[in-house]
Amino acid sequence: MLTSKREGFMGAVLALALLCLLASAQQAQATTYSDRGSGILVWPKIVANADNGVDTLIQIANIDQANPVAAHCFYVNANSHCSNTGAVCQAPGDECIEPGGFRGACVPDWIEIDFNVVLTQDQPLAWSALGGLRGSDLPCPSPGGPCKDGQSNAGTRVPPVPESPFIGELKCVQVDVNDRRPIGGNNLVGNATVEGVFLAGEGYVAAGKYNAVGIRALAPNADGELIIGGGGGVAEYEPCAEILVLNHLFDGAEDPISLSLTARTELTLVPCSEDFLTQRLSPLTAQFLVYNEFEQRFSTSRQVPCLLDSQLSLIDTTQAERSIFNAAVSGTVAGQTRIRGVNGGLIGAAVLNYDEGPLPPIGIAAYNLHQTADRTESDRIRIP
Amino acid sequence: MSKEKGLRIGCAAALLVGMALVSGTAHARVSTERPGSILIFPKVTNVPPAQDTVIQITNTSNVTRHARCFYVNGATLNGVPLWQITDFEIWLTKQQPTHWLASQGRPVNPADSIAGLDPGAIPPIPPGFTGGLVCAQVDDSGVPEGGNSLKGEATLGAVSGVIGVSKYNAVAIPTGTAGPDTDALTANQLLLDDVEYSGCPAGAHLNFTAEGESDDVIDGLGNGPSAVSTNLTFIPCSMDFERLIASRVTLSIIAVDEMEGQLSTSTSVDCWRQLTLDEIGSGILEAVNYETRHGYVRFTSTADPGVTPDGVLGVANVLRSDANGNTATAATNLHFLGNTNSTNLDAGVITLSGE
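Quick note, the sequences are listed as chains U and D, same order. With our numbering as the guide, the letters of the first sequence map in order to residues 1 to 384. With our numbering as the guide, the letters of the second sequence map in order to residues 1 to 355.
Worth double-checking, as some hints may not be accurate.
[Claimed, not checked] Here are some chain D residues pointing at chain U (derived, C-beta under 10 Å):
no., residue
1, R34
2, P123
3, P127
4, E153
5, A158
[As the list claims (entries may be wrong)] According to the in silico footprint, chain D covers these stretches of chain U (three or more CB under 8 Å from chain D):
no., segment
6, 105 to 118
7, 122 to 128
8, 185 to 192
9, 255 to 262
Simulated from the structure, these hints should not be mistaken for lab results. By construction, the Cβ of each residue, glycine as well, lies at the ideal position given by its N, Cα and C atoms.
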């Protein structure tokens, strides 16, 4: 009798094991989306520089065919600033010299600016980062306008980015139209087009477009803490990816098409977690596994404070020609880089530049990263 | 209770609960950001000197993977699609990335100037080629297999004069709840039914600027008046490489402007098609006819009542020109319509040719 019970118990254990196996198989896919409607949209790379002819066109649409939606959006200004003059600087190595010759340090910064966008049913909107979107430019500035069912864009005011030059991120969270609390719905889709008008030579334009990365809502509880992934039933949004996968041409590789230009890829990474309430930074580490076409592997890692925007071959060194991302070092034209956030999830986008001599690039092409596997721990966004 | 009975009851319980779990949980869907078992590049061109294409494919798994690939020449002759197929095989070692230029292909020649492990003999496509590329993951004997190991990108660029480089991600179709059929007689029929492979999405969204409308950024930076033109490429989900039968899909198109104004029309996709926005519905999306500068368009496949339509996959390439005639292109993947598997179409079939 005891033996029979034990065997029955063993059967149940086997059942449980099979169940766990099935469950784990189901979880083996990442669940942020750059190709479907979502409850949170992330544009990892927004750049603008009025003096150098660079700006970003941002497009967003409500795919709900019946109801308006509102989005609470946050520009994250990731510019570094001089400690003495407050001027925008590029990197810690930059010189910050006052007229009197006093030197300051270039200090990384993180400032958020938030605003609301109200989209009527099925409505698309677009604005440039330098221009923003004001009342008279809105298609339906107030109820009673041309939009149907009394819907309007009232409450929308998109500020221009706060500085030029600007490098930063845009995050938008779908919220209730009336009380601006996070809700489900997954009705937002978006794109960004990074554009440049360059006057070098005879002058030319360049443009690269990527889709905003979406984080799909499960069941937000309408408070200010958005829990992205994680076990125990706490998740309000689907998880961020465990690993981002970037296919790229190695920096310095000859463009296979023109055979005269050289490739240079810029990678932008932002954390899934962000605290817009206290503006407290929790830097995380990105680990990079780099494979060339011989299947040979290199690796490096780099801290991501609030935003990492770097030429690939400057991620692991300050001398690009010595980088593992340099074609001469890797030995092949194409490569695959797998990126893992060590203590938090990452979201990213890439821009392929074709250079002919010194900057700026002759042609640019932006694209979304691939991803595999879910993060098992939660990421969190806190909003005011 | 015997040991056998205990195990039988346990396995039955596991199966039942497992089936409930499978049916209640979403499996992977067609995606432009995750690896899959079928890769579709909707747009590959070799039109010298205007455009050539760099193909990149990566094996994201830790074992060697094989794929059968098919170039689909969608060019038309007197309005009739050529539907010319060229197929080849690639082998990728674990985590191996590879690339080739579509017009040149990639021979197996360790001594050539293209460094890296050659993935197989990849033929060049002829000048004038406008079409797509489809790759299906197979085992080492050529039988389709799951695994969801492949990802890819295409870079469209000009051969001379630079101008206009753009890049998009290949559309990846992952395996469905059961995975590919292994029956020798039917294995080459890849059913996009959510069981063997994920069903095709019900349609696509595109955020666009009205055809011929000016570009906010270029004008804002002082090089206006500018103009924007959007080129769309579609390829049906169903393809018959065995009998070379071109699929035909009717697309319903609903465009919404910034004031919610709706315009609708339809068009068809035979085998492969590219068109600019002004070719849709007698120019309803042209700036002169369109109410606002920006818009949003929804493409859905349609069929006769009671018939499940076949899906289409696509990519957009946006051309911008400034006042001086300088141009730039930017490709983008379309957003898929439908958030759940229940909105997938399950009628697609890709039939590989016999070996």
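Next item on the list: May I ask which of the numbered hints given earlier this structure violates, with the numbers listed in increasing order?
Entry: Checked against the structure, the hints that fail are numbers 2, 3, 6, while the rest are satisfied.
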